[in-house]
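Going by my numbering, the sequence shown opens with residue 1, and the numbers climb by one from there.
Rather than coming from a laboratory, the hints here were simulated on the basis of the structure.
Check the hints yourself; a few may be wrong.
[As the list claims (entries may be wrong)] Label-pair ranges, simulated between beta-carbon atoms:
id, residue 1, residue 2, range
1, VAL67, GLU103, 50 to 56 angstroms
2, GLU77, ARG2, 21 to 27 angstroms
3, ALA84, SER45, 18 to 24 angstroms
4, VAL93, THR119, 37 to 43 angstroms
5, LYS97, GLU60, 52 to 58 angstroms
6, ARG96, GLU56, 57 to 63 angstroms
By construction, the Cβ of each residue, glycine as well, lies at the ideal position given by its N, Cα and C atoms.
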Amino acid sequence: MRALLACLLACAGLLVLSGCSEGGGSGTPAGGGGAPAGGAAEEASEHAEEAAQQREEASETARNREVLAQIEASKKEAAAEARAKAREHAAEVNVRKREATSESQARAREEASRRAARTRESTTPKPTTGSGGGSTPTTQQKTKSHGPSERTVTSPAPVTPHG
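When you get a sec, could you build the whole thing from the sequences and use the hints?
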């Protein structure tokens, strides 16, 4: 863009200089009657055309700058939108990862809970009915001797001597 502007200004400068050299080197004598007046009008006309052309070039350069600024602005806006979209996508991916992790952890906790429940069920003694007609107690009974009398005590109850 700068090279184009410099080229345009150089061309405009050459046009101005070539217009001045043509008017000054026309070969008409300074006091030659009516011809110098016509030459002055012709020279003024050329200067007016050159000035109009320079104004046109300046306005075209200004339009080009505006178009370039609009293009750059739209590129920046598109880049910002792309960055925002990428951030949004990354956030969605992170949310999905967190949800998947929490779901897998929940499944693992449920499975561990089921295994623990199965283990408790398999280690817990089940009441059995014997063929002797009576039922066996669910707690073990121990016989302890405390002096002259023996007594039978179940393990879950606290032992207190009666005496």
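Taking the hints in turn, this is what the structure says about them:
Distance hint for VAL67 and GLU103: a CB-CB separation of about 54 angstroms, consistent with the stated range 50 to 56 angstroms. Roughly 24 angstroms separates the CB atoms of GLU77 and ARG2, a value that falls within the hinted 21 to 27 angstroms. Between ALA84 and SER45 the C-beta distance comes to about 58 angstroms, which lies outside the given range of 18 to 24 angstroms. Against the hinted window of 37 to 43 angstroms, the Cβ-Cβ separation of VAL93 and THR119 comes to about 39 angstroms, which satisfies the hint.
Our hint of 52 to 58 angstroms for LYS97 and GLU60 holds, since their Cβ atoms are close to 55 angstroms apart. Range check, ARG96 to GLU56: Cβ separation about 60 angstroms, and the 57 to 63 angstroms hint holds.
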